[in-house]
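Numbering (my numbering), first residue to last: 9 to 313.
To be clear, the hints were calculated from the coordinates, so they are not data collected in a lab.
Be aware that one or more of the hints could be misleading.
Pairs of lysine-lysine residues, derived as DSS-like cross-links and limited to a Cα-Cα distance of at most 30 angstroms, are as follows [unchecked claim]: (1) 220 - 185; (2) 185 - 128; (3) 124 - 182; (4) 182 - 137; (5) 220 - 137; (6) 220 - 120; (7) 241 - 120; (8) 124 - 241; (9) 128 - 214; (10) 241 - 220.
Note that the structure is predicted; figures quoted are calculated from it, not measured.
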Amino acid sequence: MPSVHVRTRRSRAGRVAIAVLTVIIGLTTACSVSGTPVAAGPAIDGFVTGVTAINDSGGSSSTVSGTLGAGQSAGPTLRLPDNVTAINGGSVLQNTTSSTPITSMRIALEAKHNGKSTGKPAPGYTELKLGSATATASVVMTLAQQLPSEDFAFYFAGVDASGVQGPMVRQEVKALKVGTGAVQVSTSWTVDSDLDLILVEPSGDKIYFNNKTSSSGGTLDLDSNADCDIDGKNNENITYPQAPSGTYTVYVNLYSSCGTPATDYVVTVSVGGQQPRTFTGTFTGPGLRTADTSEIREVTTFQVG
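Take the sequences, apply the hints, and build the full model.
This is the structure we're talking about:
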């Protein structure tokens, strides 16, 4: 019989408040909104460190210096969420569909100024070439640990096999500031369910919803949708200013589906300034109300020192 863990510190009142992300915008070229200069440089590289398509071994991505155009209404039209919540150093899983098959996707970004929008993307965009034409694509976008701004939006456009780009689709991003440090492990997911991030340290100590801070200094500083108290964040994060040497094991568990049919997730692991690694998966079913690592899903291990 599986063990059942009763949450002791997962209420809304007990959760740690998330600070608003500090902003530093590097000026390269400028346009004007209501007379105020606004950064308009190639912003995508400052915000996004990696873009990959899931289960697409033939795909590749590159940065294009030009400005993403409006596209043609007769071209492929993408459908994806109107808004997402993200964290610095974490990843966003974008499940997209297209009106017609696409062979590549273009992604640009607009950094706002004092909440004001230019209404168009900044120069510079990412071109994600897919291994084959498809009308569905799941894309992982990994964000920088130090974001230039908390207030930004993505623009997406699909391109078909003949090179025709469809219209741009805008997606608002709400960025939450979390800890990064020597080690950062995070997860984000696509629906309003209760997904848990669990990390076992070299000592055997476990960081999770009922033990948010370890004796070695690791902290679960963002915990979301506790017991289906939906907060709209759909991200969890564990951070270490300095991490003890040894082997760490990362787990995720669907504690409760909260009535959703399936939960797609991405886990991001960043260690000592190395290139972040990402891992994706899906949970179905009602969930399992436990944090027993013998019963839940192991994602990966990593080494410090």
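Structure-based check of each hint:
1. A hinted pair counts as satisfied when its Cα atoms are at most 30 angstroms apart, and residue 220 with residue 185 qualifies at roughly 17 angstroms.
2. Pair hint residue 185 plus residue 128 holds up; C-alpha atoms about 25 angstroms apart against a cutoff of 30 angstroms.
3. The straight-line distance between the Cα atoms of residue 124 and residue 182 is roughly 14 angstroms, inside the 30 angstroms bound, and the hint therefore holds.
4. At roughly 27 angstroms between alpha-carbon atoms, residue 182 and residue 137 fall within 30 angstroms of each other, so this suggested pair holds.
5. Taking the CA atoms of residue 220 and residue 137, the gap is near 40 angstroms; set against the 30 angstroms cutoff, the hint is violated.
6. With a C-alpha separation of about 34 angstroms, the suggested pair residue 220 and residue 120 falls outside the 30 angstroms cut-off, and the hint is violated.
7. For the given pair, residue 241 sits about 21 angstroms from residue 120 by alpha-carbon distance, which is consistent with the 30 angstroms threshold.
8. For the proposed pair residue 124 and residue 241, the alpha carbon gap of about 23 angstroms is at most 30 angstroms, so the pair holds.
9. Our distance criterion of 30 angstroms between C-alpha atoms is broken by residue 128 and residue 214, whose separation comes to about 45 angstroms.
10. Proposed proximity of residue 241 and residue 220 is supported: the alpha carbons are some 18 angstroms apart, at most 30 angstroms.
Hints 5, 6, 9 from the list above are not met by this structure, while the remaining hints are.
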